[in-house]
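S.K.: If you read the sequences in order, they're chains B and X. According to the numbering used here, the first sequence is numbered sequentially starting from 1. According to the numbering used here, the second sequence is numbered sequentially starting from 348.
Where hints are given, some of them may not hold.
Here are the simulated DMTMM-like pairs of lysine to aspartate or glutamate, each with C-alpha atoms no more than 25 Å apart in a straight line [said to hold, decoys possible]:
1) B/K328 with X/E359
2) B/K292 with B/E330
3) B/K328 with X/D547
4) B/K67 with B/E222
5) B/K292 with B/E261
6) B/K246 with B/D196
7) B/K247 with B/D170
8) B/K67 with X/E359
9) B/K92 with B/E166
10) B/K302 with B/E222
11) B/K247 with B/E166
12) B/K69 with X/D547
I should point out that these hints are in silico values taken from the structure, not numbers from a laboratory.
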Amino acid sequence: MPWLKTLQQFYVDHIDPDGIQPFQAVRTVVAAVLAILFYHSLSWPQAYWVLFSTVLILQTYNAAAPKQKWFSLLMTGASAVILTFIASIIGKYILIIGVFFAITTFISVYLNVISSNTANAAFFVNLFCLYAGSVSVSWNDTVERTICVLAGFLISVMVCACLWPERLPDTIRLIIAQNLSRLSELSRTLSERYHDTKAIAVRRNRFIRGLQRARQTIPSEEIQSWQMIHQIEYLYEIILSLHEIKKLLEAHHILILIHKELSILLRRLNWLLRQFSLHIQHTNTPAPRISKFIYLLRTFEKHYNNHFKSFNNDQILKFIIYMDNIQKLERYVNNLAELSKRMEYLS
Amino acid sequence: MKLTLTLNTFLEKLRSHANLKSLFFRRALRSAIVAFLSIPLYHFFALTQGYWVTMTAVIVGQSTIGATLRKSFQRFWGTLLGILIAAFLLLFIHSYLYLEILVLVFLFLTYFFNPYSNLINYGFVVIPASIVVVLLISLMSSEKINPAIVYARFYDTAIGAGLGILGTFLIFPNKVKHEFAHTQRYLEKQLADYFFAIMDMFLNTPHADRQAMAKKIHIEATLLSEYQFYVESKYELHFKTSLFQQEEKRFIELSERTAQRLFSLHQQARNHMMGESVEKLKPLLLNIQKTGFLYLQSFKEKDLRESFTGLLEELQRYLANILQQQDKALLQLHWHDIAPFAELHFILIRLIDDITQATDGK
């Protein structure tokens with residue numbers, strides 16, 4: 001069904017490029033169900049705070065960077081419990097709660113200096129202050145409310161620990177696999193829809209964002225994973241080179257045979273990248289065999305070398321930068337195959 | 348030890364921005380003042396669910412006027428649509444069980460549309476979130492849902508958005524052009540760093556290759572995020588956007604060309620590291636000289652210019668030595684050409700001037 005494919009593509013392009021939001025949404029809903037069941041069993045007037053705190057605290061886990069998820073969740077939960085208690089006590093003094101909320105707002109916005117994720121977590125804590133301080137309540141209600149926030153915090157910790165707990169090795173594996181498949185997709189778009197600049201820009205931007213995310217997520221100790229990212233970056237440049245050559249060949253209406261070989265080579269490279277991505281993501285998928293690609297590469301080089309003598313000076317100058325890159329393609333693809341075998345250590 | 352280091356880095360970052368020139372600091376101060384003012388305001392007028400005013404005012408208050416107007420508009424229509432849908436549902440559904448199921452469904456939708464990204468229109472994120480809030484109130488609060496509450500939610504949002512907009516205009520206002528100029532300076536520095544990293548590759552500095560690649564990706568990501576300024580500036584400029592739109596297209600083209608030029612240098616640097624022939628060094632040296640000289644012209648900061656000149660001279664000596672060792676004549680270098688760097692910089696300056704003139708109404 002083409003419309004379903006278009007819808008799916010729209011979702012990936014504009015809403016969820018990382019493919020993690022359905023998990024986050026399900027996790028939130030499960031936590032909310034537990035919170036609803038819990039607050040029904042309490043029958044306290046302030047019991048709805050359980051649901052409120054569960055949903056909000058859980059979001060800091062969803063939003064945080066993989067390395068900081070648990071730290072962020074625990075800090076947000078603890079801050080929420082303390083600040084709800086304080087804001088509930090001072091809620092009856094309008095000016096004091098005004099100043100208090102102004103200070104927490106200042107902190108939550110200023111934390112953007114460090115990172116937007118930290119600021120997000122602080123903003124969620126700020127909402128606890130705002131709601132707790134908006135209506136003046138009795139001492140009993142304050143205690144009930146604080147206990148409910150604590151319960152919500154515990155529910156969110158429990159759900160995060162049980163439902164798709166995000167382990168760093170899994171995240172790294174996923175990020176690497178995503179980058180490989182995005183590179184393959186970019187290359188395919190460059191080959192098949194080279195006039196559609198918007199489609200190319202969307203895929204290129206998604207790939208760049210993915211690389212940036214990888215750089216922010218993978219710890220420096222993970223040398224093998226870093227090497228993998230470097231190989232992907234080198235391959236990105238080489239793929240751009242291949243497409244530059246393709247454009248040159250088309251623009252000058254020369255060397256039809258080389259052009260044809262290049263198209264085949266690119267198709268095989270795209271396939272190879274996609275297969276590597278699948279292999280890294282799902283270990284039960286066998287690793288692709290690179291021998292056919294190497295054979296195609298050598299055939300292409302042979303054709304190129306045969307025709308090199310017929311190039312004029314202008315053509316030599318234009319081709320030479322890119323062709324040097326292609327000569328390194330074999331090495332990089334071999335490295336990629338070797339590294340993808342070693343990625344098994346991450347499981 | 349590691350924790351202390353991280354903490355020190357955080358504190359250093361916070362300290363470095365603690366002045367009125369920093370956009371982060373200005374925005375934080377503005378948000379704090381708006382938050383402070385909104386609390387007595389809703390208490391004084393005894394607004395139903397008045398905390399919604401404060402929350403809206405804090406959320407819509409962005410770093411620039413254009414960004415605030417954009418977010419306010421999106422939040423306003425998102426909330427309006429959300430509460431209308433929720434009110435419509437509440438007219439027919441009275442069972443607590445069904446309401447709880449609906450809350451779960453809309454919670455799923457709220458987090459299905461990532462609320463932390465600007466990939467989609469913020470209004471779409473607010474629709475399910477508003478529905479959840481209205482349904483939650485009807486479930487939990489002693490105030491049962493009625494038309495008055497729906498109406499209150501609507502005017503609370505309007506007042507909050509209005510307060511946020513007023514705050515952005517009156518308290519430490521920042522226009523898009525300020526932030527644009529700020530990030531351009533940052534981008535200029537990044538481009539310089541990238542150029543230095545490429546030069547390091549020629550000088551065979553260890554790990555220069557990886558550093559250059561990291562910088563390249565960083566620059567591409569920065570250029571990517573800069574696109575928001577064009578969108579936000581339209582909210583500030585109103586009808587005077589045509590000029591800006593033309594420049595936008597040119598700017599993007601030039602950015603691409605600059606990236607291409609750097610990319611070409613990058614490729615050549617890598618080839619050089621692999622041990623290339625003298626024949627290939629000639630056009631390479633010429634390319635570095637051309638790009639470097641024109642890039643040099645575009646630097647405003649003296650320190651950067653001096654270190655850049657020093658690096659170029661060192662590089663020239665290094666490459667000339669290689670050529671001499673192989674009994675080749677030194678190249679006659681040409682210092683004239685229009686490189687994308689100079690042109691890009693020129694365009695950027697003109698662009699900022701144009702925005703200034705358009706916004707000042709000259």
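S.K.: Need the status of pair B/K247, B/E166: alpha-carbon distance at most 25 Å?
M.R.: Distance of about 43 Å is beyond 25 Å: violated.
S.K.: Sort out whether X/D547 lies within 25 Å of B/K328, counting only the CA atoms.
M.R.: The given pair, whose Cα atoms are some 21 Å apart, holds under the 25 Å limit.
S.K.: Is B/K328 close enough to X/E359, meaning Cα to Cα at most 25 Å?
M.R.: violated (43 Å)
S.K.: Can the restraint linking B/K292 and B/E261 be considered satisfied, given a maximum Cα separation of 25 Å?
M.R.: Satisfied, since the Cα-Cα distance of roughly 13 Å is no more than 25 Å.
S.K.: Is the hinted pair B/K67 and B/E222 satisfied, with a Cα-Cα distance of at most 25 Å?
M.R.: Roughly 13 Å separates the two Cα atoms, so the pair holds.
S.K.: For the pair supplied as a hint, B/K69 and X/D547, is the alpha-carbon distance within the 25 Å limit?
M.R.: violated (37 Å)
S.K.: Are the Cα positions of B/K292 and B/E330 separated by 25 Å at most?
M.R.: Satisfied, since the Cα-Cα distance of roughly 12 Å is no more than 25 Å.
S.K.: Does the alpha-carbon distance linking B/K302 and B/E222 stay inside the 25 Å limit?
M.R.: Roughly 39 Å separates the two Cα atoms, so the pair is violated.
S.K.: For B/K67 and X/E359, compute the direct alpha-carbon distance and say whether it is at most 25 Å.
M.R.: holds (21 Å)
S.K.: Given the hinted pair B/K92 and B/E166, is their Cα-Cα distance within 25 Å?
M.R.: violated (41 Å)
S.K.: Check whether the Cα positions of B/K246 and B/D196 lie no farther apart than 25 Å.
M.R.: Holds: B/K246 and B/D196 sit about 16 Å apart, inside 25 Å.
S.K.: Taking only the CA atoms, is the gap from B/K247 to B/D170 under or equal to 25 Å?
M.R.: violated (39 Å)
Violated hints, in rising order: 1, 7, 9, 10, 11 and 12; the structure is consistent with all others.
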